[in-house]
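S.K.: As a plain string of letters, each chain reads:
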Amino acid sequence: MNQSTPLLEMDKKSVFAVNSKTKIKIKKAITIASFLLPGLILYAVFMLYPMIDAVRYSFFDWDGAAPSMNFVGIENYVQLTKDDVFLKSLGHNLLWVVLSLTLMVVPTLVLAVFISRVKKGKMFFRAGFYLPSVLSLAVVGVLWSKIYDPMMGPINVFLKSIGLESLAKNWLGEPLFVIPALVIASTWAFYGLYLILFLAGLQSIDYSLYEAADIDGAGPISKFWNITIPSLRNTLNVVISMVIIHALKGFALIWIMTQGGPFYMSELVSTYVYKAAFSMNKVSYATAGSVVLGVIVIAFTIGFNYYRERTE
Amino acid sequence: MITRLKQLKGSQLTLWITLSVLLLFITSPIFYAVLASFKSNMEIFSSPFSLPKSWNFDNYIGAWNLGNFKTYFLNSAFITIGGMVLVALVAAPAGYAFAQLSFKGNNLIFYLVLLGMALPVQAIIIPIFFQLKSLGMVDTLTGVTLVSVGLALPFSIFLMRNTFRDVPKELRESAAIDGAGEWRTYWSIMLPLAKPGLVALLIFTFMNIWNDFLLPLVLLISKEKFTISLGLYSFQGEQSTNFGLIFGGTVISMIPSIIVYLIFQRSFVEGMASGANK
Amino acid sequence: MKGNKHKISFLLVLLMIITTACQSPTSSTDEQTKTDSKEVKNESASGNNNVLDLLIPNYYNDIEKKQWASVVEKFKEINPDIDVNITNGDVQVESGKLPTLLQSGIEPPDVILMNAGPGRVSILSDVNLIQPLNDLYEKNNWKDDIRSFAYDLISKGDNIYEVPHMIDAIGMFYNKDIFEKHGVDVPTNKDDFLKALQTLKDEGVAPITVGARNGYAIGWIFGVMMESVMGTEKVVELFYGDGKWTDPNVVQVAEMMADWVEKGYITKESVTQTQPDSKFRFLSKQAAIEATGTYLITDLADQKLEDSVNMFMMPSFVDGDVAQPVGGVGLTWVVPSKAKDVEYAEKWMDFILSEDYSNIVLNLPDYNFIPASKASESIEPVGEVLKSAMKSIEDGSGYNPSVFMGVEAKEAYYQNLQGLVGGLVTPQEAMANIEKGAEKDRANGFSLK
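Line order of the protein sequences matches chains A, B and C. For our numbering, add 10 to where a residue sits in the first sequence, where the first one is 1. For our numbering, add 315 to where a residue sits in the second sequence, where the first one is 1. For our numbering, add 216 to where a residue sits in the third sequence, where the first one is 1.
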């Protein structure tokens, strides 16, 4: 469809001006280029080229300052597979994905269903619940690191005041709690977007389905499972994929709240790579790590879209 | 029928109350920060949840002066406004070309652009830094702006292409018959029709650039170039034990995005939803 | 959607007004400084008024700012034809900011005061970002102006790239009032020291606070413990000889640290504290002891705590030995390869090593550094804490490990010590990890021998 109309149009044009066909062609090419090129150049300079560079660096040994680079083949990647901290970081990324999915998807969906039931003031709730997502991650990170503070943070002050001193933990300092604590902060910062997606999805559900179910005497839970969830399939797909990608890409919150510590307990690939590149000068090694992350994310995204297109 | 209506009203009331309580709970960290920003350190510790004894702005003044927030604010504004203008000027025509103009390799190039959407910044941040360095633009606001725009382009072009695809082609054709050039058609006919998409794009760009942390962290060195996110981060490092001051700085950093959000709340939410769904 | 147009244009106009309104004063001052510097350059062409650009660390507080101002004033008095322009910034190699600055093509300062250490300076000198100063040393006879301990540390290689600014003296700072209140005396031997920690603990006081999230800070206390438990010689062996981190002597120190955490001598919050957090706890009397350097002195002055805080050396655990404060050169001056006014930098560094300089700073009651110059040896500082610190290094100084380690070992050192404080790694594993880092460094050619 896209292709055929312009062709037709070309034909029309050629009827009017057969002689200066090439002239028109050149003129047209220039016009098209003037639309496309500014964007494409910026894109090429700041994304494509660095992408190629990333792959290139990863096959060299370079500290970021030396005038020459040594080609080392896949040595950096081999080292990565032997690097305990890197593997640990990958594991943390996975844990991060699982925890985000659990915390983010179902609770947000339930919240969305509740909000969609509201007759008056739906907009108010939608706007209110979205509020945390407006804040920058720097704000969220600083805010939550103070909330988790072992001495002065409101959580521990509260627990101590009601006599539950034993429950007052050093939330960001204990291996069992640090990642969940970070994921909670990240959920707080991101769920708003998914809430809105769910609300939009819920809006498009055919209301008559519910009426029919009402006549059949179906309860709210059965309606949720049998009507809401299936109708939201597409939205769910989108949300789940976005949650996963976000979880793989996490950086700012961790960097602000723990810098990957204590003792690598909250290290993600992104924080590890940042440290290796910018404070240890292991530029090419770090780049290899980031390429691994990039490949995982791209493969997942493409695979997911392929799956989505096939099932839709 | 009447009982049913009453039931409905009753259930609406419970729903309202439940949601309000939940909303209060979820937004409580924000309120906590605002309250704490009016308190002294002692007061935050001894009575963290009560209203401040007095509404004094010492922490705000302190943070503003000590933390250089004015500079940070201006830097963020420069990068964000510059980025929004550039993105609109560059992504909209490109999206238009992909949607409305026919040329060889249209799809191929478009897929190449789409690839950028899947690519996480983290994967290329290191080469970006070194490339910017070779361009002599490390530690410049222009450098951060350009990189931000470059990274925002794939999604922006994608969004604008989808927007322009919904505009009927006949409009363009009839304009062409009237003798209007491609650019004139674009400016005077097509762009106005794509306004909802453009608004969504601008909102997206604003949020992304204003709130970004990674790019400024990597690309900016001197403090006088810091953005508000980076400034807040370094401020909390320096003042890490003065909770009151930090909350002052935090609230200062929150205000601009909240104001923009409140003004554009409706189109904001719709823009987010439509953008993400596409 | 219709309303949006107005909203957007309103907002844009608002933003523009704000930005232009706020910017005009700053931009005009910018222009002013620009024209100023232009004038300066013009004058420098005619040989009148010249500018020395200094890059020094961010000030901890106002007191430090004033100290620098008085130093600069003296310099100008001696060199009336040179203007001094001070810039503050991140001078750590670890954060990558300093190398980046020197590479970025921005005009570098003439002389930089950076965090010292062979592992740090070599990162810059290896890629020629800073210049060798051998000629200047010879010409000005600086070798004789520098404390021999400091000179030995910086002159190991073929070239000398730095002029040491100050000597670190890291020891145990303690709150006198807390000690008095709980009947604890300053301990002078191993048993007293451990007993003191236990007493404080039993009395419900947090004995030691550490900012373990900042690697350098957890490194301070570990360095102090190494000095006490192993003795200087074995520490030297570790950096300059064939010593290994897996040596039982070193592991013993790590075990002691783990033990202190277990027993509550080091508070358990330490693991997530930053150095400023820890300092705050110490200065607000929520902990009895913090291992830190003389840098603390300006904070003491700032918060009027000079009388209630002092420092002592952790007693040596080796029989018959006396523990020294750990240190090395803390801050050091380097000259970028692309510096434009090397002769001014030379004058400045010569001034730093002069008696004039030491006279000024040591007579400031709140001065916080031990100058690295020989001239300072014979001057008695006015400040009490600095006096005891300077006295304690009269016979030499111990080694602060962070300063002497390569990149890999140092990162492992920071991380694993934090792990020790968090109870996340065993002492043996931790030391093995650091040794692995040291091996990598050796493989990469890092050596102090």
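A portion of the hints provided could be inaccurate.
Okay, derived cross-link-like pairs now, SDA-like style, lysine to any residue, Cα gap no bigger than 20 Å in a straight line [said to hold, decoys possible]: (1) A/K259 / B/G377; (2) A/K179 / B/S361; (3) C/K590 / C/D361; (4) C/K392 / C/G420; (5) B/K538 / C/E293; (6) A/K179 / C/G420; (7) C/K554 / B/L450; (8) B/K419 / A/L50; (9) C/K281 / B/G377.
What follows is a list of derived Cβ distance ranges for each label pair [as the list claims (entries may be wrong)]: (10) B/K538 / C/S286: 41 to 51 Å; (11) C/T303 / A/K35: 21 to 31 Å; (12) C/N344 / A/Y59: 19 to 29 Å; (13) A/K38 / B/L450: 26 to 36 Å; (14) C/G612 / A/F81: 45 to 55 Å; (15) A/F81 / B/E539: 50 to 60 Å; (16) B/W502 / A/V305: 38 to 48 Å; (17) C/K281 / B/F346: 47 to 57 Å; (18) B/L404 / C/K355: 37 to 47 Å; (19) C/Q414 / A/V305: 50 to 60 Å; (20) A/E175 / C/V402: 24 to 34 Å.
These are computed hints drawn from the structure, not numbers from a lab. Keep in mind it's a predicted model, so treat the numbers as computed, not measured. Note that beta-carbon positions come from the ideal geometry of N, C-alpha and C, so glycine has one too.
S.K.: Each hint: holds or not?
M.R.: Here is how each hint holds up against the structure:
The suggested pairing of A/K259 with B/G377 is violated, with an alpha-carbon distance near 35 Å, which exceeds 20 Å. Of the supplied pair hints, the one linking A/K179 and B/S361 holds, its CA atoms being roughly 19 Å apart against a limit of 20 Å. For a cut-off of 20 Å, the pair hint linking C/K590 to C/D361 stands: about 5 Å separates their Cα positions. Of the supplied pair hints, the one linking C/K392 and C/G420 holds, its CA atoms being roughly 16 Å apart against a limit of 20 Å.
For the suggested pair B/K538 and C/E293, the alpha carbons sit about 31 Å apart, so the restraint of at most 20 Å is broken. A hinted pair counts as satisfied when its Cα atoms are at most 20 Å apart, and A/K179 with C/G420 qualifies at roughly 19 Å. Restraint check: the Cα-Cα separation between C/K554 and B/L450 comes to about 19 Å, which is no more than 20 Å; the hinted pair holds. The straight-line distance between the Cα atoms of B/K419 and A/L50 is roughly 15 Å, inside the 20 Å bound, and the hint therefore holds.
Taken as a hint, the C/K281 and B/G377 pair is honoured in the structure, with Cα atoms around 18 Å apart against an allowance of 20 Å. In this structure the hint that B/K538 and C/S286 lie 41 to 51 Å apart at CB is violated, the actual value being about 24 Å. Range check, C/T303 to A/K35: about 57 Å between beta-carbon atoms, so the 21 to 31 Å window is missed. For C/N344 and A/Y59, the hinted distance range of 19 to 29 Å is satisfied, since their beta carbons lie about 27 Å from each other.
A C-beta distance of roughly 33 Å is found between A/K38 and B/L450, which places it inside the suggested range of 26 to 36 Å. For C/G612 paired with A/F81, a C-beta distance near 47 Å keeps the hint of 45 to 55 Å intact. Distance hint for A/F81 and B/E539: a CB-CB separation of about 40 Å, inconsistent with the stated range 50 to 60 Å. In this structure the supplied range 38 to 48 Å holds for B/W502 paired with A/V305, their Cβ-Cβ distance being about 41 Å.
Remark: the range hint 47 to 57 Å for C/K281 to B/F346 is contradicted by a beta-carbon distance near 37 Å. A C-beta distance of roughly 58 Å is found between B/L404 and C/K355, which places it outside the suggested range of 37 to 47 Å. Between C/Q414 and A/V305 the Cβ separation comes to about 55 Å, which falls inside the hinted range of 50 to 60 Å. The hinted window of 24 to 34 Å between A/E175 and C/V402 holds, with their beta carbons roughly 33 Å apart.
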